[in-house]
Structure formats: C-alpha cells, structure tokens
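Listed here are the chains, written in short residue letters.
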Amino acid sequence: MTPSEPVTTESIDRLCALAALPVPAERRRGLALMFADLVAAANELSRKMADARHRAIVPIVRFPER
Amino acid sequence: MTDTNLVNLTIREAAAQIERSALSPVELTDAMLQRIAHVDKTLNAYITVCGEQAREVALAAEKMIRAGYHLSPLHGIPIAIKDNIYTRGVRTTAGSKILADFVPQEDATVTARLKRAGAVIIGKTNLHEFAWGGTTDNPHYGTCRNPWNPERFPAGSSGGSGAAVAARTCLGALGTDTGGSIRLPSSVNGIVGIRPTIGRVSNHNVVPLAWTMDTVSPMARTVEDCVLMFEIIAGHDPLDDHSALAPVPDYRGELGRGLRGLRVGLIRDYSLSHVQPAVGDTIRAALKTLESLGVEIEEVAMSSIQGNISAQLTIESCEPSTYHQEWLRTRATDYGDDVRTLLELGEMYLATHYLQAQRYRSVLRKEFVDGFKRVDVFVTPTLPFTATPCGATKVVIENNREEDMLSAIMQFTGVPSLAGLPALSVPVGFDAAGLPVGMQVIGRPFDEATLFRLGHAYQHATDWHMRAPSL
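Top to bottom, those sequences are chains V and X.
The first sequence runs 736 to 801 under my numbering.
The second sequence runs 861 to 1331 under my numbering.
Since the hints were derived computationally from the structure, they do not count as laboratory data.
Predicted model only: the values in this text are computed from it and were never measured.
Label pairs and their calculated CB-CB ranges:
#: 1; chain 1: X; residue 1: E879; chain 2: V; residue 2: R782; range: 55 to 63 Å
#: 2; chain 1: V; residue 1: R790; chain 2: X; residue 2: D1129; range: 23 to 31 Å
#: 3; chain 1: X; residue 1: E1262; chain 2: V; residue 2: A771; range: 14 to 22 Å
#: 4; chain 1: X; residue 1: E879; chain 2: V; residue 2: G765; range: 55 to 63 Å
#: 5; chain 1: X; residue 1: F962; chain 2: V; residue 2: D786; range: 42 to 50 Å
#: 6; chain 1: X; residue 1: F962; chain 2: V; residue 2: E740; range: 41 to 49 Å
#: 7; chain 1: X; residue 1: P1107; chain 2: V; residue 2: D786; range: 37 to 45 Å
Restricting the straight-line Cα-Cα distance to at most 20 Å, the calculated cross-link-like pairs of lysine to aspartate or glutamate (EDC-like) are:
#: 8; chain 1: X; residue 1: K1254; chain 2: V; residue 2: D772
#: 9; chain 1: X; residue 1: K1226; chain 2: V; residue 2: D786
#: 10; chain 1: V; residue 1: K783; chain 2: X; residue 2: E1227
Positions of the beta carbon are idealized from the N, C-alpha and C atoms, including for glycine.
Please put together the full structure from these sequences, using the hints given.
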C-alpha cells in the first residue's frame, strides 16, 4: 500500500491478516470507508511532522513536569 | 428541610450543616436515593445504586460526627462514581458486557481517598462503553438522557455522572476524561467539570482508555464543590507510576483572590470559530462578564492547532485497541457496534502514524507554553454545539452541513488533552431551547488553582449554576 492508493476492502483484508484480527467479511467494507478518511488525515499529519523543522521534536511519552 | 431543599444543597452548604449536626447524612442520603428512584427510570444515569451500603456509611458518618469526629467537608456527602473506577465489593462494569460481572477486590485510589474523607458512595454511574465515545448511548445498560431534555444526550463518556449531578441525585460525582469525557457532559448538563493536569490525580485501578491521556476528576454543580472534591483526590500516588510529585496547593485559599489583571487568551481562528450561533453568542457574553470582573482579553495565534483532531483520533484509537487486543479477538461480539468498530480501526494505523501524532503533541504543547508567556489561561467553548437528540451520529454546527459526531464533539476538548494541560468547563448560559452551554478554560500545567479562581469568580457574578432542570 502507498499513501496514494485508495483504502479498499482488500486493504482491510491485508491489515487484518497482518494483525491476526478476525474481522468478519461483512464488516470490512464499512471499515474501509471509515479508515480511508482517518488514514488520509493521519498521513497528512505525518507529512507535516516529517518536515525538517520538526526533526528535533521527540514524542510525548511522559510530560516533563511531575 | 424538605427533600427538594435537601437535593438542591451544594456540597459546601450540606457540609456546613452536617458539621454542626444540623443535617443528618442519613436524611441527605435517603433524599438522594428517593430522588434516584423518582428520576432515574427516565435518565438511566446509574448502572448500580448502592442503597443499603450508602445508608450504612451515612449512619456511621452521623455517629462519628455526633461524637465530634468530622473527617472532611465530604464527610456524609453522597457522591457517585463513574463505573470504570474501581469500587471494592461493588461491580465495576466499565459500561460493558465484558466486565458485567467484574467485582473489584480493591478500590481505585480516588475511591479510597473519598472513603477516607467520609464520603457516601451512592452509586456507579452509566458511561459510554469502556469510555470510548461521547454520547453515553450504552447498548448494554441503556441510553443515558439529559435532565434538561430527556430526548437529548448527556454527552460522554461520563454522561451518567453528568446527568446524575445535574438531576440532583448526588452532590458530586467522579468522572474520567481522556479527550473530553468530563468536560463534554459537564457542558451539556450545565455543571462544572475539571480535567486535571496529567498525573495530578491518580489513575490507579481505573479501567484505561488511552494511557497517555487518561485522567480522573470531579464533576459538581459549583466550582467550589469541585474544589472540595479535588483537594481530597489530588496528589501523588505511589501506586500510579505516572503520578505527579508536584505538591498540591491550597485551592480553596486561592478561590477568593479575584480576577483583576488576569490575562485571558482567545486562539485566533479557533476559539470562537465553527460554533453554533447560540454557543458563540453565549461565550461572548461570558467573556464580557469576565471583562467586567477585571480580566484582560488578548488574541493569540497558534499555527499548529489545526492538526489536533487527527492526532487525537490516532492516539485515542491506537491506545485503546492495544488494551483491548485480546477481547477484540475472543469476545468481539460482546462489544457495542460503535466501540467494536473504533477498536478494529485502531489496529490498522501504522506505528509511524501513532508516533507522529505523539510528536505533534510536543509541538502543540510548546505553542501553549509560549502562549502562557502572554496570557494566564485560554478560553474556548467546551463544545461547538448544545445537546443533540439521543442516538444522533451527525450534528449541524453551521451552514446546514452535517458533520460526524465523534470529530465534531472533540473540536475544543481534544487540544488540552493532547497538550497535557488542565481544563475546566463551567456553565455560562442556555440556548433558546433551554439547553446548557459550557465554557472551557485551559491553564498552565498544575495551575488548576487559576482555573478554579476564574470559574468561582464567574459563578459569583452569575446564576446559571443555580438553575435546575424541571424533572
């Protein structure tokens, strides 16, 4: 899969196989439609965060002040 | 005192009477239990009502207080607890079929602290299943309803706690807040709720949703009542690895300091953007009230704020799906369809999606930290809309365009969750249909005191919080 490919039922099939997640076939079309929007937004955020100006940013794992 | 008068007492008012033995905790608890019997058939705010246990604790409180031992302002006060927070010996379902028969052998730390303070645990409140949703439309325990209009939702996931407090069936309640689950029901039920700084309150023995965003905190009709509860539950817990070491300040002592010179920030193209007209008008009126109390309002730009919905959905999908991995494979059909779908989707993101979302949080947090050099708090509406009909999955905010409920509901509450900041929701008015509007106030890390001070001063100048639904 690449970011330019649409999310299809086959995409969900492959993801479920990789995750060993037994999602019934009748649910996969709906998941594909929802995940298409979600992954597009996630990819857009990833693209922004991959920018060189953010190279030094580390993920929030634990907030510094305790 | 009549039962109507009793259920309309605040924690502060009841505490003062109980301390001088002018009010019996037994009488107060009985009034609450009768109120629950009267209204909860309609509202479905409770999963478990702890009638006999509550009466026993209330009687013990009465005896102790008459003997001269008054433990705290919460001694003898009926408090409800969201049903994803452990209560020893009382089933804790997390609103799920999967945990329908789970009876914890330990309290959550917050439960234990309330009990040590003498609170009367009156019941366990309804929630969106496993706290993963914002409507409290629960397929296993029934749809929770809004006391201001039972055809409308109470929001969620702490919808049961929000409805229970607003309906005067308890004097305060605990909720949990990951992406807004205390603030959202506080707003639509016309009550006060605080999301604390991450680590300020222990999460020990609370069923998790998203580990890096989960918090536990009070909901009550007044800011002062929230403070009375917050002071009891806040503070380091050695049983919670993420519990903060920062000392707990004297929140009550700070309440009366006034607001003169306090700087309030509005985020450009965000704080008052994309809201229903009634919400916008109500928030602007609230800001005028704050200005009359001496605050200074300033606009602040935050360029990174637009990515927040995707980051929140990514993190709030991946983390719960990780927690639920086994059940999703062995008991998938025991979930409600909406939660099952979200959990399945959470398994499909890439690791890089999740980590980029966590990196985004650092960028967002830094913008807020920079912003706090210019202002003391930021203000937004808590939600861009008022309570929608029960069962709705879409909402219209502006331009007659339907939007997905889940992303619309977290428009404002997700931001402090991502940035790890405390945020208070306080009632600031009603729309033309009589549905409450809430204002969100976002503060610096561990500066809940300023949020409480602002909310308290606002409530002294207004009376929205004194209105009651006509159930």
